[in-house]
Amino acid sequence: MKISNLFELKANSKKDKPIYSSMMAVMGNTPKYTEVDYNAIAKEGYKGNWVIFRCMQEIIKSCIQLNWRVMRYNSKGEPEEIKNHPVLDVIKKPNPLYGQSELIKRAVAFYYIEGSAPFHKVVTTFKGVRNLYVYRPDKIKFDNTDDMNKPYKNIKYIGPTITDIQPENFMFWKNFNPLDEYDGLGRGMSVLEPILKNGDLLNSMVDWNTALLQNGGSLSGVISTTEVLGDTEFERAQETIKNKHQGKDSVGKFLLLDGGAVFSPTSINPKDMDWESGKNSTILDICIGMGIDPMLIGINEHSSYNNKNEAEKGLYLKTAIPLMQELADQLSIFLELQEGEYLDIDYSHIPCLQEDMKEMAEILNKSNDMTINEKRAKRGLEPVEGGDIIAPSGGFAIKDGKVYLPMGLVDIEEENHNSSTQNINNEDDEKENKSFMY
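Just so you know, the sequence shown maps onto residues 44 to 481 in the working numbering.
Keep in mind the hints are simulated off the structure, nothing from the lab. Mixed in with the good hints, there may be bad ones.
With a straight-line Cα cutoff of 25 Å, these simulated PhoX-like cross-link-like pairs (lysine-lysine) come out [stated by the list, open to error]:
1) Lys148 to Lys351
2) Lys119 to Lys148
3) Lys196 to Lys184
Computed beta-carbon distance windows for the label pairs [stated by the list, open to error]:
4) Leu228 to Asn408: 43 to 51 Å
5) Glu282 to Pro139: 53 to 61 Å
6) Gly321 to Glu121: 53 to 61 Å
7) Lys351 to Leu256: 42 to 50 Å
8) Glu282 to Gln257: 15 to 23 Å
9) Ile406 to Glu121: 19 to 27 Å
10) Ala280 to Ser324: 35 to 43 Å
11) Lys351 to Asn187: 40 to 48 Å
12) Asn411 to Glu369: 33 to 41 Å
13) Asn82 to Asp226: 40 to 48 Å
14) Arg422 to Asp189: 41 to 49 Å
All of these numbers come straight from a predicted model, not from anything done at the bench. By construction, the Cβ of each residue, glycine as well, lies at the ideal position given by its N, Cα and C atoms.
Work out the full structure, taking the sequences as your base and the hints as a guide.
Right, dumping it as structure tokens:
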């Protein structure tokens, strides 16, 4: 005797088709992943996946901690900082709506989600750049041109109102896109795109586990009967199961089967599926794709102070600093710095990097073949007057930007001048001067 399926339509209906053929068609298809567009990635990746969200927060917070400065090369070709540069004021207070931290947060988030962060500068005739904005990339519409210097035209920001943007006041900070049909002049590739499959996998695992818990741990299955059910019986049975035996409110209720009905489970239980191991493996894959040590988002399987410190160092050295340096390079051009000036990132104040800087300082102090200024340049410090000499560590002092010798803090430049213009007649004076000069 043919065993009927409760989820099978009546055998003699015009469009009879066993549910198994539909199940096989659905289950046999390739998996469906999140579409690669801004709204889908923002919803399913950033907002809908806690691991991606936490990784993004760590990256954004580390980028915000870095300091910006304007540098230039002096006549000797050495980098030196320009204090109180007008461009720094724009970065610190980019517009009336938000400050530097929000500017960096928005830029990094949009860069990761869409692959592009659109910048708009507001310029005045006399004061230069007055305001700087970062917009949602999906709200920016433009046409491409064939002009490399001005690759965009008809630029509009579609916000509460439509804002027209002049091409010279617009910049895209973009991630490299190998499939950009405009060869670098179009939109960037989402940084999250290669990670989305693992993000979808984790979301599906969490959804499956939630559904299982809401049904009291009951596995999916098929109820079959020994007789063919009519349309009315079939629909009534489906409604009964749906309303009385599915969902968290029906947990603990018994299912009464009659008329030779048999329940056959069709899914795998979490233990056989090794759900916990699969979840941890997927989280690890997402963290690797994001360039984040799992320890930084609370996965403390092998946690220790040294490991945590190294993980934080890696976040700054491999992700945050290169990312912000890339943005600084583009903003140097966009904000119209003078010839020889450029934006730079200062990370000397970051606590987890202090150890490395201290170790480097000790190595430089022991070096006997480098001048004072060469050592300072390696440590990211400005050159000082009279620092182009080789002197042992602790054998000199620096005051008001000048190098002084130890005995009485004699100005080395003055001492050099005096020793070259005055004749030393007695042996005692000659010895005294030599004692200052090492």
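Hint check:
1. With a C-alpha separation of about 24 Å, the suggested pairing of Lys148 with Lys351 holds against the 25 Å cut-off.
2. In summary, the hint linking Lys119 to Lys148 is not supported, as the alpha carbons are separated by about 37 Å, beyond the 25 Å threshold.
3. Distance check on the hinted pair: Lys196 and Lys184 sit about 9 Å apart at the alpha-carbon level, within 25 Å; holds.
4. For the hinted restraint 43 to 51 Å between Leu228 and Asn408, the CB-CB distance of approximately 49 Å keeps it satisfied.
5. For the hinted restraint 53 to 61 Å between Glu282 and Pro139, the CB-CB distance of approximately 58 Å keeps it satisfied.
6. Checked against the hint of 53 to 61 Å, the pair Gly321 and Glu121 passes, with Cβ atoms roughly 55 Å apart.
7. Between Lys351 and Leu256 the CB atoms are about 33 Å apart, so this pair departs from the stated range of 42 to 50 Å.
8. Distance hint check: the CB atoms of Glu282 and Gln257 are about 19 Å apart, consistent with the given range 15 to 23 Å.
9. A beta carbon spacing of about 20 Å between Ile406 and Glu121 agrees with the range 19 to 27 Å that was offered as a hint.
10. For the pair Ala280 and Ser324, the supplied restraint of 35 to 43 Å holds, since their beta-carbon distance comes to about 40 Å.
11. Here the CB-CB span from Lys351 to Asn187 is close to 46 Å, well matched to the stated 40 to 48 Å.
12. One distance hint, 33 to 41 Å for the beta-carbon pair Asn411 and Glu369, holds here, with the actual separation near 37 Å.
13. Range check, Asn82 to Asp226: about 26 Å between beta-carbon atoms, so the 40 to 48 Å window is missed.
14. At roughly 47 Å, the beta carbons of Arg422 and Asp189 sit within the given window of 41 to 49 Å.
Checked against the numbered hints above, the structure violates hints 2, 7 and 13; every other hint is satisfied.
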